[in-house]
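S.K.: Now for the letters of each chain:
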Amino acid sequence: MRVVLAIAWVELRRFLADRSNLFFVLILPLAMVAVIGWQFGSDRSGAPLSVQGPGGAATQALVEGWEDAELAVTLRDTPELVQEDVSRGSAEVGVLLDPEAEAAYRDGIPMELEIITGSSSEAPAVAQVVRAQAEAVATEAAQVGLLETFGDEAEARAALDDASTLVPPAQLLVQEPEDPVAVAFEGVEQFDSGAVAQLLLFVFLSTLNAAPALIKARRDGVVRRTMAAPVTTAQAMAGLTTGRVVIALVQGAYIMLASSLLFGVRWGSLGVAVVVLLVFGLVAAGVAMVIGVLVDSEGAASGLAVGGGLVLGAVGGSMVPLEFYSDTLRQVAQLTPHAWANDAMAQIQRQGAGIADVWPQLGVLAAMAIGVLVLGSLLLRRSLARAM
Amino acid sequence: MTTPVLQVDALRRSFGPATVVDGVSLRIDPGETVGLLGPNGAGKTTTISMIAGLLRPDGGSVHIQGVDMASDPLAAKRHLGLVPQDLAIYPELSARSNLSFFGRLQGMRGAALRRRVAEVLEVVGLTDRATGASKTFSGGMKRRLNIAIGLLHEPRLLILDEPTVGVDPQSRNAILESVEALSGEGMAVLYTTHYMEEAERLCDRIGIIDAGRVIAEGTRDSLVELTGRTDTVTLAGDGPLEEIEAAVSRIPAVREVHRITGEGRLVMVVQGAPQAISAIVATASGAGMTLRDVEISRPDLESVFLHLTGKALRD
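First to last, the protein sequences are chains A and B. With this note's numbering, letter number 119 in the first sequence gets 969, and the count goes up by one each step, no holes. With this note's numbering, letter number 165 in the second sequence gets 181, and the count goes up by one each step, no holes.
Quick caveat, the hints were computed from the structure, so don't treat them as lab data. Every residue gets a Cβ at the ideal spot worked out from N, C-alpha and C, and that includes glycine. Keep in mind that a hint or two might mislead.
What the hints assert, rightly or not - Label-pair ranges, simulated between beta-carbon atoms:
1) B:Arg72 with A:Ala1108: 43 to 51 Å
2) B:Ser87 with A:Leu1185: 39 to 47 Å
3) A:Arg863 with B:His323: 46 to 54 Å
Using the sequences plus the hints, can you model the full thing?
M.R.: Rendered as structure tokens:
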């Protein structure tokens, strides 16, 4: 064990000796969490209501009514755009009007609106305001219609009194968020999803940085000298891996803490999240070892590590959430450790999942880790016979 | 009979169709320095890799201090210190941190480790630079640190794989002096080099390796005898050359004398020129020769290699 810890400690010191690593480990991930959070949620406070309608009197009256109620309204051209606004969280509520609603408004009879409520905690309150204002506008339309029917003022007033009691309010059909994307993101705040994705992306990238470091150690002959000491290949591999996993855990803990404090990101059960991060870090360390013994050029390994890490991250849901993927792409994504880790972290974060809930994801990640670490050990042994 | 520190028997290793080491056998006793002399690509480093347990041999065996490397590699490696040809140090770390790390790999720790680190830093003259990052060291200092790591755990067998490559003359001399001192302390040393001067200076015995085989092995003198050549001494000066020739011919070590009258020179074939030279000079002077120049020419290991393989050592 002492040998493993000695190798791990040296790996840590080598990592810290390169100051540029600190930028990629500590600063860049948080910057990305902020940027992605702002991209996904920056419209929320400015335009909580997305509306699509024919653009007639009813649309105009309703929009004026909602704006009078201090709701920020964005007019969209198609119902799909409204649904996308709600799914992405850039609108709390979406409202769809069709030509029949316009006609009903003109005739002073009940009109039907389709209201799509978003998944955030504020959405129901916004929907309530939308509904109340729509009722007021519909009622007023009915009143006006009645006033125009009766020329006598007394009759009109009587009719108005009748209208206030007899005219039914606008019928509102409230559509609950059946969209699977909206369901998946129910309760997710502005920075939550991006923080998980960036955490996994950067932990993987930072850990892959072990590949060029291992090549340098092989080139310098340090690996040969280490193996000439009373050290087994398994101990050497464990030491190299431990050093990198510790870095991954420190980085992960830092991103969790900082994003929680700065952006209010919720992580669910920290203990379970750390377990997922640990197994995910083992996979990354194993991949780094494999690259580090298969490739002889540090430059090529750096390129492969960054490029491969970004591609795996992109496919595995660390750039676009897995929930937006087609079924086929989702299946492809499951070849990456990122997809399993993203899935597990999403469950922990959004549904308060425990170890028992994410064991399938943990199992797959653990199998991946064992596979790459065993392969790395075999290749490391063989690399000793290869001149560089 | 003492247990040899290193016993290598019929070591073989191939890479694909190429046989790189072909039946190498070697024995080193305590306090003995044995050289492996051969050109680049002769199989020296592959042989060392198998001795150090870094490479599995296709055949043959390695025993260090009686422990079989194949059956108990960890125990065998505890008796071994390897100084690789590469500068196998972490440049980001200081000399002290490098030594501490490799010491821990050898199972050393605590006060004993700290004391030993201080001792080897002193031995290699790096005490004043113990805490600076080793990447700031000169080439010679890095080489000395490279050797210090190999010495740290006081191994019974020290393997030095071309330790003076790329080193300035001053550092090279310091390294060679260190090796001589270690041998004097009872450590067995296996020293590979393609510098024949180093092999001649350091090694009690020398194995000449070519194309994966040890083609000759013995002391320097016994190897030189294989060439059938002896030392040559040339005296240049003024005086009665005929009388001087007759005088030096009577010295037992002098086998032949050739007189080149026009150039004022006597060329002698001598057995053991270093030992006989003072008698030759004294005799020639006594016979009336005013010496202008004395030249000793000895067949060296380069000659031996050329004689045995038909090619130069540095080819």
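S.K.: Determine for every hint whether it applies to the structure shown.
M.R.: So, going through the hints one by one against the coordinates:
no. : hint                               : result
1   : B:Arg72 with A:Ala1108: 43 to 51 Å : 49 Å, holds
2   : B:Ser87 with A:Leu1185: 39 to 47 Å : 42 Å, holds
3   : A:Arg863 with B:His323: 46 to 54 Å : 52 Å, holds
The structure agrees with every numbered hint stated previously.
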